[in-house]
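Protein chains in written order, with my numbering: chain A, 444 to 1073; chain B, 2 to 493; chain C, 645 to 806; chain D, 1418 to 1526.
Please note: incorrect hints may appear among the correct ones.
Claimed, not checked - Quick list of in silico lysine-lysine cross-link-like pairs, DSS-like style, CA-CA up to 27 Å: (1) D/K1512 with C/K804; (2) B/K160 with A/K602; (3) B/K363 with B/K472; (4) D/K1512 with C/K775; (5) B/K472 with B/K483; (6) A/K471 with B/K472; (7) A/K602 with B/K433; (8) B/K363 with A/K1028; (9) A/K1028 with B/K293; (10) A/K748 with A/K888; (11) B/K472 with A/K1009.
Stated by the list, open to error - Computed far set for chain A versus chain D, every beta-carbon distance over 12 Å: (12) E509; (13) K646; (14) T679; (15) I831; (16) F881; (17) L962; (18) L1020; (19) F1054.
These are calculated hints, taken from the structure and not from any lab test.
Just so you know, these numbers come straight off a predicted model, no measurement behind them.
Backbone N, C-alpha and C define an ideal beta-carbon position, used for all residues, glycine too.
Okay, here's what each chain looks like letter by letter:
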Amino acid sequence: MNTLAALVPILPLLSFLVIGLNFRRLPKPVTSILACGSVLVSFIFSVVLFFHIKGGNPTVNVTLFEWIPAAATSLGFSFVVDPLSSLMLLIVTGVGFLIHVYSIGYMHDDEGFNRFFSYMNLFVFSMLVLVLGSNYLMMFIGWEGVGLCSYLLIGFWFKNQAYNNAAKKAFIMNRIGDLGFLLGMFILYVQFGSLDYQTVFAKASLLESGNLILTIATMLLFVGAIGKSAQIPLFTWLPDAMAGPTPVSALIHAATMVTAGVYMVARSHALYILAPATMMVIAVIGITTALFAATIAIFQNDIKKVLAYSTVSQLGYMFVGLGMGAFTGAMFHLTTHAFFKALLFLAAGSVIHAMGGEQDIRKMGGLKKALPITWLVFLAGTIAISGIPPFSGFFSKDEILLHAYEQNKVIWVLGILGSLMTAFYMFRLFYLTFAGMFRGTDKQKQHLHESPKSMTIPLIILAVLAVAGGLLNIPAVFGGSSSLNTFLSPIFGSGVEPVGEVSYGTEILLMSIAVIGSLAMIGFAWFRFVKTATIPVTDGIKRPALSNLLYHKYYIDEIYQFLIEKPVLWLSDIMHLFDVYVIDKTVNFVGNATVWLGKQSGFLQTGNIGFYLIAMVLSIVAFLVFGLMI
Amino acid sequence: MLTISLILLPLLASLILFLLKDKKGFHILALVASLAELVLGIVALFGFDKGAARNFPFDAMWIKSMGISFSFGMSGLSLLLVLLTVFLVPMIILTTFHRDNKYSSAFYGLILLMQSALVGVFTSSDGFLFYIFWEMALIPIYFICGLWGGENKIKITLKFFIYTMLGSLFMLTALIWLYIKTPAPHTFNIDTMVMVKLPLGEQFWVFLAFFLGFAIKIPVFPFHSWQPDTYTVAPAAGSMLLAGIMLKMGLYGILRFLIPSCSFTVIQFAPVVMIMAITGLLYGSVIAIKQKEIKRLIAYSSFAHVGLMTAALFALNVDALQGTIYQMISHGFNVVALFFIADIIQRRTNTLQINELGGIAKVAPRFAVFFMIVMLGSVALPLTNGFIGEFLMLVGMVQYSFYVAAIAGISIILGAVYMFWLYQRSMYGETKPVTAAFADLTSTEMWVAVPLIIIIIAMGVYPKPILEIAKPTVESILFSLKPLKEAIIPVL
Amino acid sequence: MEKYIFFTLSGLAIFSAIMVLVSKRPVHSVLYLILCFFTIAGHYIMLNAQFLAVVHIIVYAGAIMVLFLFTLMLLNLNLANELRKSILARVTAVIAGGLLLVTLVAVLKGLDASGPIMANTQIGMTTNIGKVLFNEYMFPFEAASVLFLAAMVGAVMMVKKE
Amino acid sequence: MNNVVQGLQLMPISYYISFCSILFVIGMIGVLIKRNALVIFMSIELMLNSINLLLAAFSVYHNDPAGQILVIFIMVVAAAEVAVGLSILVVTYRKNNSIDVNLLNQLKG
């Protein structure tokens, strides 16, 4: 069982090396088989591991070798497979495999085909290391490795400088988060003398709740999560990351990488429970991001941008769940989100593929006839994300809202508001792309064709998962066994599951409020975009103030530009001038001063003998007088 | 006996090369000599036993009356630095093997002379001898930069020479002061000199003199004005030697002389030095962002890295020192690789202005991959050599004081900013006419690039052996500090 | 009685020294200088340093002054146009001289001026000087002869026209 | 002639000191004032003589012949110095047709 656990991450690494080293010569089919094959095998192993864990066996620990012999302890290069990480394993390898198959078709005519798959495999490897790592340092390796791969993949078409800037921006923002994560890690190391989860959690549990050091450490770790999972304030990189190919957005910016932050918080729940202040901060940031991103998404016109902002808002929900202590709820939402968001992105990809690269929804419309399968799966995804029963989104979001309701009514209200907005902008997107008249150019019209088999099959599988995802954790109120809860309970142990306190009646009531609200919003969206077929305003025309603000993403990018980038560049100029003119000049000054001094004493050599004689006499007199003085 | 041959071999080779006067095939001779030295180094590595304080000792009385002995010996730290030198010099020589190579045999003679001086510095266990090799190392680099440098090379090299000479004079005074203070039959033996218990007043001045000498060499913040110019003006091999190995002499000096001899003042002044070093760190990184020219950007980035190393040195705990020693070695390889890349770009496009470059990745993928890996190494991405050093150093500094480490941490972000900015502007984007004909790595260049990549990754994945060798030296250095440290160091 | 002799001799010497400076034409100053040398010889005799007195007259008055006169006449330098230094230079010179005089006297005053001893000390006599000169100071004496040789060769070489 | 001054009383040394100092200073002023090289030489001679006299006085005073020996050697040096000095004077005269000391100012800083 140990070798199996070790093999899961190693396989993608091997395939990365094979493809990476001779990406010039490998023919396309060979690379695709190699890449998808390695991920598939890892998936199979993960399934085996899953059943092994489900069968009640304890966690699987594998230490490959002793990595850094630091003073306090030696940090090992070791993996652990327990319920939480095996769930993530399934998501990463499962959804990853589907996306790999999808991208064979999508990237078929791109000359960087081999390079693309080598990066994708490197990404899967780093994600697996992040998930399987048994100490924070291993997680950090995955953390930065994933950041690097997202940089490589966003800037995949590196010809276009704008894409490169987006990639650089993503990496640097991740790096800011990583700094927070690193510092949090250091505090844990200094405080508990080790970074292994077991030892850290064991020692942490001895401390009293609200302990200052723990709060700081958890806060800093959460900063890392903000950077990675694109929460306020470090979320602007995610929409720009849409510059990468669509499978990349699906894999990295929907299913796996961005959920790393959520996984990290869930993994160190033992620390977070002892730091209620951080939990509140997480909840607050989560809900604000959810609302903030939802409002922006309403007015976006690029299909991928809308989905990006919806990802940010759904991540906000996950963090609300974590903030409320509903760790299983958050993980459940993470899983379902991975399914339907990957589905939505891939469907959007096939729409873009069909439209010959066009991403502006104002130029689409009426694609139902041309792309029936994409239409169907897109609809399934949209319904799932809007939280309409019996689709998966409903169950996962509802569980989070339930916990929110028990803990803090205000957050629950905001949560409901957010999910209404989600329903609205998702269906707005759906209707604008598929319903109504086709607004694109004629050339695009002929070019419209349904995506090839290799792309539609993953879409269908994901659609099924998006629909059936809810079965994983049907709450007691519907007679379900909330199987995910039981599965994850050894990790989250007692966990914070005050479900019992709220009677079934109120639970049903809450759910119905959310559902009816969403249905109303869908109706309103239908009315607005299908009945009266209003098309969002083209860019040139003046918009009413509010929608203009939202369309320009609250001018966040410009603000960051102004607040951070400009001062740093300005500072750099100043420092450079300071360096050249002050420090350099002082050193040169010292040099020149000695030369000048030499020149000055030159005036003594007048050449006039009389002067010399007098100088001699006077100095003798001075000496004698001095002699007398002493 | 081994240390002596490690020093004499390159010395002999350089003499032969000087006499060769550009006869055919002197390149090969230089390469063979440095490879032989490499073999010797590896023999030393295998023959090294961690227990003994002083490996391969060699003692011979030199000037009896003054108590100066011709003695050598390798501690763990000096073995690692000798290995760094021994690994880097063949690569540096290999980087000069290309078609339009205008270097004469004297050039290689100077490189090998410098190698022997550097090995001498790292292995001598006699203060006087240490100073001789310290100065001896300065002379060849002066000629290398002065004769084969870039524009207005004479002025800049002279400034560098005098600046460093000034530093080493301060160091000499401190050495002599310690010499006088050694018990009756005064001796220059470093271990006895360092054991001398100086009263506080004197210790301050000795600290100041030593620190000034080493600070100029490293360089530390206010004394760095010679560094960017010299690195830019020096020929590729020159800046590799300077940045790769020479600045390690300063750090080695601190570890070998400063910390053991004036330990109390070191603890007392650790915050001051840390602030200086960290200002240098941030200062260097911020300036590097707006640099227009590759070599100057690398110079500032190396200055920033070195700032972090010096700061970690003064955190005075096992993790920090282990991290610094490890970073010394990885920084050596990274900076040599970076200068090699700058040299390749300069040779193919004969411009180093970043905005004139673009789209090289399209034309030279192998070069782009090599540049990417080296960049990741210097940006300290996990699984590269930079990360281990950086991680251990920051862990050490957190144990010293959290806020200092937090500020030093910012350099990781800034490092990523200017490195990725450099990579993007030169590698990605539209291929400019200048970079259109950018030939990919030739076989000789591959001979340098591939080993460097292997070392960067290997040191990142499996650092244990190196850290094991460095551990005894770190322990012995900190052992003398233990009683003093309890009273003073503020924690967190 | 000796006091009078001493003072007359001193007065004469100082007067002639001043005249050396003041006189317009160089010949006059040479002659005054010779006069001054004679007074100094008188002093030697007073000190009973007879050998010195004689040698002094021969060497200085005889040889050196003759050289001066010789040069004077040869190069016809006996022209009246007195080269005048600027007033400022001369005033500073005099002040410097005065200062030096004061300090010299002040410095030497500190000596333990023990009382006068009888005049007839014999050390000044030729026999005594001779004995000492050729015993302890043999080497300097020989060195002096070499010095003379060097001076002569130098003088001749310098002035010889190619 | 051997003891012509048989009964004479020696003057106290301070007289000789002041007298010789005066002579020395006069010689020195002469050197500073005069622009005529020849007179400068003469003043130097004067200074030397004043020193000789003082030396002789001290030698007699301390009853030690070394003083007088030294006087002899000073005379030797003075003679040599005058010889060389005058030849330099002749050469300078030949070069710039005058023995004015101010002309000799080529060695300038």
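Status of the hints after comparison with the structure:
1. Taking the CA atoms of D/K1512 and C/K804, the gap is about 13 Å. The hint holds against a cut of 27 Å.
2. Note on B/K160 and A/K602: the hinted pairing is violated, with a Cα-Cα distance of about 43 Å set against a maximum of 27 Å.
3. Under the criterion of a C-alpha separation no larger than 27 Å, the hint pairing B/K363 with B/K472 is inconsistent with the structure, at around 45 Å.
4. Pair hint D/K1512 plus C/K775 does not hold up; C-alpha atoms about 47 Å apart against a cutoff of 27 Å.
5. Proximity of B/K472 to B/K483 is assessed by CA-CA distance (about 16 Å); at most 27 Å being required, the pair is judged to hold.
6. Between A/K471 and B/K472 the CA atoms are separated by roughly 49 Å; this puts the pair beyond 27 Å, and the hint is violated.
7. Using a Cα cut-off of 27 Å, the hinted pair A/K602 and B/K433 holds, with the two alpha carbons roughly 12 Å apart.
8. Distance check on the hinted pair: B/K363 and A/K1028 sit about 42 Å apart at the alpha-carbon level, beyond 27 Å; violated.
9. Distance restraint check for A/K1028 and B/K293: the Cα-Cα separation of roughly 21 Å lies within the 27 Å cut-off, and the hinted pair is therefore satisfied.
10. Taking the CA atoms of A/K748 and A/K888, the gap is near 23 Å; set against the 27 Å cutoff, the hint holds.
11. Restraint check for B/K472 and A/K1009: the C-alpha separation of about 44 Å exceeds 27 Å, so the hint is violated.
12. The non-interface label for A/E509 is consistent with chain D: the shortest C-beta to C-beta separation is roughly 73 Å, beyond 12 Å.
13. No beta-carbon of chain D is positioned within 12 Å of the beta-carbon of A/K646; the least distance is around 78 Å.
14. Distance to chain D confirms A/T679 as a non-interface residue, since its nearest Cβ pair spans about 69 Å, more than 12 Å.
15. Separation of A/I831 from chain D is adequate, the least Cβ-Cβ distance of about 100 Å exceeding the 12 Å criterion.
16. Every CB of chain D is more than 12 Å from the CB of A/F881 (nearest about 95 Å), matching its label as outside the interface.
17. Listed as a non-interface residue, A/L962 keeps its Cβ farther than 12 Å from every Cβ of chain D; the least gap is roughly 102 Å.
18. Distance to chain D confirms A/L1020 as a non-interface residue, since its nearest Cβ pair spans about 39 Å, more than 12 Å.
19. With a cut of 12 Å on Cβ distances, A/F1054 falls inside the contact zone with chain D, its closest approach being about 9 Å.
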